[in-house]
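S.K.: Keeping their order, the protein sequence lines are chains B and S.
Numbering-wise (our numbering), the first sequence opens with residue 1 and increments by one.
Numbering-wise (our numbering), the second sequence opens with residue 108 and increments by one.
Possibly wrong hints are sitting among the right ones.
Unchecked claim - From the derived model, a few chain S residues whose C-beta atoms are all more than 12 Å from chain B:
hint: 1; residue: ALA145
hint: 2; residue: GLY202
hint: 3; residue: ARG298
hint: 4; residue: LEU366
hint: 5; residue: GLY371
hint: 6; residue: GLU439
Claimed, not checked - Straight line, CA to CA, 30 Å or less: simulated DSBU-like cross-link-like pairs of lysine-lysine:
hint: 7; chain 1: S; residue 1: LYS132; chain 2: B; residue 2: LYS81
hint: 8; chain 1: S; residue 1: LYS306; chain 2: B; residue 2: LYS23
hint: 9; chain 1: B; residue 1: LYS53; chain 2: S; residue 2: LYS306
hint: 10; chain 1: S; residue 1: LYS399; chain 2: B; residue 2: LYS53
hint: 11; chain 1: S; residue 1: LYS370; chain 2: S; residue 2: LYS116
hint: 12; chain 1: B; residue 1: LYS84; chain 2: S; residue 2: LYS402
hint: 13; chain 1: B; residue 1: LYS84; chain 2: S; residue 2: LYS399
hint: 14; chain 1: B; residue 1: LYS23; chain 2: B; residue 2: LYS92
hint: 15; chain 1: B; residue 1: LYS81; chain 2: S; residue 2: LYS402
hint: 16; chain 1: S; residue 1: LYS468; chain 2: S; residue 2: LYS199
hint: 17; chain 1: S; residue 1: LYS306; chain 2: B; residue 2: LYS92
hint: 18; chain 1: S; residue 1: LYS358; chain 2: S; residue 2: LYS399
hint: 19; chain 1: S; residue 1: LYS132; chain 2: S; residue 2: LYS111
hint: 20; chain 1: S; residue 1: LYS365; chain 2: S; residue 2: LYS116
hint: 21; chain 1: S; residue 1: LYS306; chain 2: B; residue 2: LYS25
hint: 22; chain 1: B; residue 1: LYS81; chain 2: S; residue 2: LYS306
hint: 23; chain 1: B; residue 1: LYS84; chain 2: S; residue 2: LYS132
hint: 24; chain 1: B; residue 1: LYS92; chain 2: S; residue 2: LYS116
hint: 25; chain 1: S; residue 1: LYS358; chain 2: B; residue 2: LYS92
hint: 26; chain 1: B; residue 1: LYS84; chain 2: S; residue 2: LYS306
hint: 27; chain 1: B; residue 1: LYS53; chain 2: S; residue 2: LYS402
None of these hints come from the bench; they were simulated from the model.
No residue lacks a Cβ here, since even glycine has one placed at the ideal position from N, Cα and C.
Now for the letters of each chain:
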Amino acid sequence: MAAERATRQKKTSKKAPPKAATKVKPVVEQSRLWLMYPPRLITTPVIWQVGSKFNLVPNVRQASVTDEIGIVCLELSGLRKDIKAAVRWLEKIGVSVEPVEINVIGS
Amino acid sequence: MSEKTGFMKALKCRECGREYPLEAKHVCEFDFGPLEVAYDYERIAGALTREVIADRPQSMWRYRELLPVAGEPTVGCQVGFTPLVKADRLAKRLGIRELWIKNDTVNYPTLSFKDRVVSVALSRSRELGFQTVACASTGNLANSVAANAASAGLEAYVFIPADLEQGKVLNSLVYGPHVIGIQGHYDEVNRLCAEIAGKYGWAFVNVNMRPYYAEGSKSMGFEIAEQLDWEVPQHTVIPMASGSLLTKIHKAYQELSKLGLVKGSGWRIHGAQASGCSPISSAQKAGLDFFKPVKPDTIAKSLAIGTPADGFYALRVMKETGGGADDVTNEEIREGIRLLAECEGIFAETAGGVTVGVAKKLIASGKIPAEDSAVLCVTGHGLKTLDAVDGHVGSTREIKPSLREFEAIVAQDQAATR
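Can you build the whole structure from these sequences, using the hints too?
M.R.: Laid out in C-alpha cells, this is it:
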C-alpha cells in the first residue's frame, strides 16, 4: 500500500506544472566595521586587497596607524556573501574585525 | 521641560561634534563615531537645585533633568539610591584614612548597576514608541533587561552565547523573555547581534539605544556626591569592562560641578581591571592613549571585554584627572571579595573583587595617598558569581551532636586568636 501511494504521489508530482523560474537579483549591502591589525600587517595594503579580492567597495571613515597598531573604521559595500568571505579572510590573516558598535554583547 | 525632548538638546558625535535628532541612533553617519546625549544646561540650572532633589523619592530618578528622558520615567522607577557605606574596617586593612563603598550589590531589581542603565534605556524606548526591546549579554545586562521589560509589559529578546552557564541563563529565563542562544565564537556572535540590531526595528538597549542607556551610569556619580553631602570624592575607583561606567561617573561629577551643586574639584578617577583582560589598564600603565585588543581569560566575566568600546575615552579621563589604573590576578580578585565580605559584610561579584584588589594596589603604591579619602564602586552581587569563589572561602567543620565536641572547637578557636 505504502509503495503504491508513493508511486501515485510521484506520478502526481510529475504531472504538476513546472514553477516559473524567478531570478533573484543580488542585493548590495553595507557593513560598518572596525579593523585592528598588528604591527606585522601595517605595511600590507589590506584594504586594497579586500576591495580587489572580494569585489567590494571599501570606504575608510576613520583611521589611526602607529608603530604598534593599525585601527581603521571601514564601510564595505557589496554582496553579503562577499562581505562574509572578506571578514573570514581578514581574520585568517590576523586582523581583528568588530562591528562599528564594537561590543554588542554587554556583560 | 519640553514634552518631546525634556532637557535634552540633541545626539552629538563624540568625534566630530555633528548633531542628530533625539532618535534611536548610535553612530555618526559621517565618521561612525559614537553619539552622546547633549543637554541644555542653562535650563537645567534653572530647574534643578539641591532642595528640589531632596524633596524627591530616593531613587536614581531624583536627578531626572540630567537623564535622557523627555517626561516622567516609566520603567524602573525604584532603581538606584543604593547605600554609600563608610568602610572603616576595610580602610584600616587597605591603609587609607577614609574609605566608602558605593554598594550597587543591592540595586533593585536584579542586584547590579545594570538596572540603572536598563531603566533609562527602556523608559526612553517607550517614549520613542518601541514595543519590543532586546539586548545581547553574558550576564547582568540580560537579567536586568528581562526583569525590567517584564515589569513594564514590554516584549523582550535576549541574545546569549550558546555555551553560557545555565545559572546565568535561568536568572533571565525566569522573567519570561525570548532567550536565544547563539553558537559560535564571541566575535561571530557579536557581529550577528549587530546585524540583528540593524535589521529589526527594536530598541536594542546596547546598540541603537546606547546613547541613552549609557547615560544611566551617571546616576551612580550623582548619588555618590549627594551622599557625601554634595562633595565630589578625592578618589573614585571604578571597574572597567567597556570603560563606559568610568567615563560617565566623571561626566556626572562634571555636570554637578557645572551646575554649582557640588563643592570640590580636582577629583581623580582610577580604573580597575582583571589581569586576564586588561587592555585599558595595560595601556594606562604604559602611558599609551590607545589600547590593544586582548582575548579575555579571567574569572571576572562581567569585565571580560577584550575590545572595550569606550577604552579610548576612559584612558583620556584617567589622564585628564591624574588617575591611575591597575589590574589583579584571579587569586587577588578572590582575596578582594573575601576582604570586602569579612570587613564590611558586603558580598560582591568578581568585579567587586577587582575593584577592591586594585584599590589596595593603588593605595600601596601611593597613587592614592594614605591620608586621602576614596570611594570604591562595587557593581554587582556575589550570588551571581558563586562558582568563582567555590572552594576558596573556607569550609564547614562537622561535629557529632555532642556538646563536648563543640567545646573542643571553641577552645581551638580561642587558642588560635590568643
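S.K.: Name the hints, by number, that the structure is in violation of.
M.R.: Hints 3, 14, 24 and 25 contradicted; others consistent.
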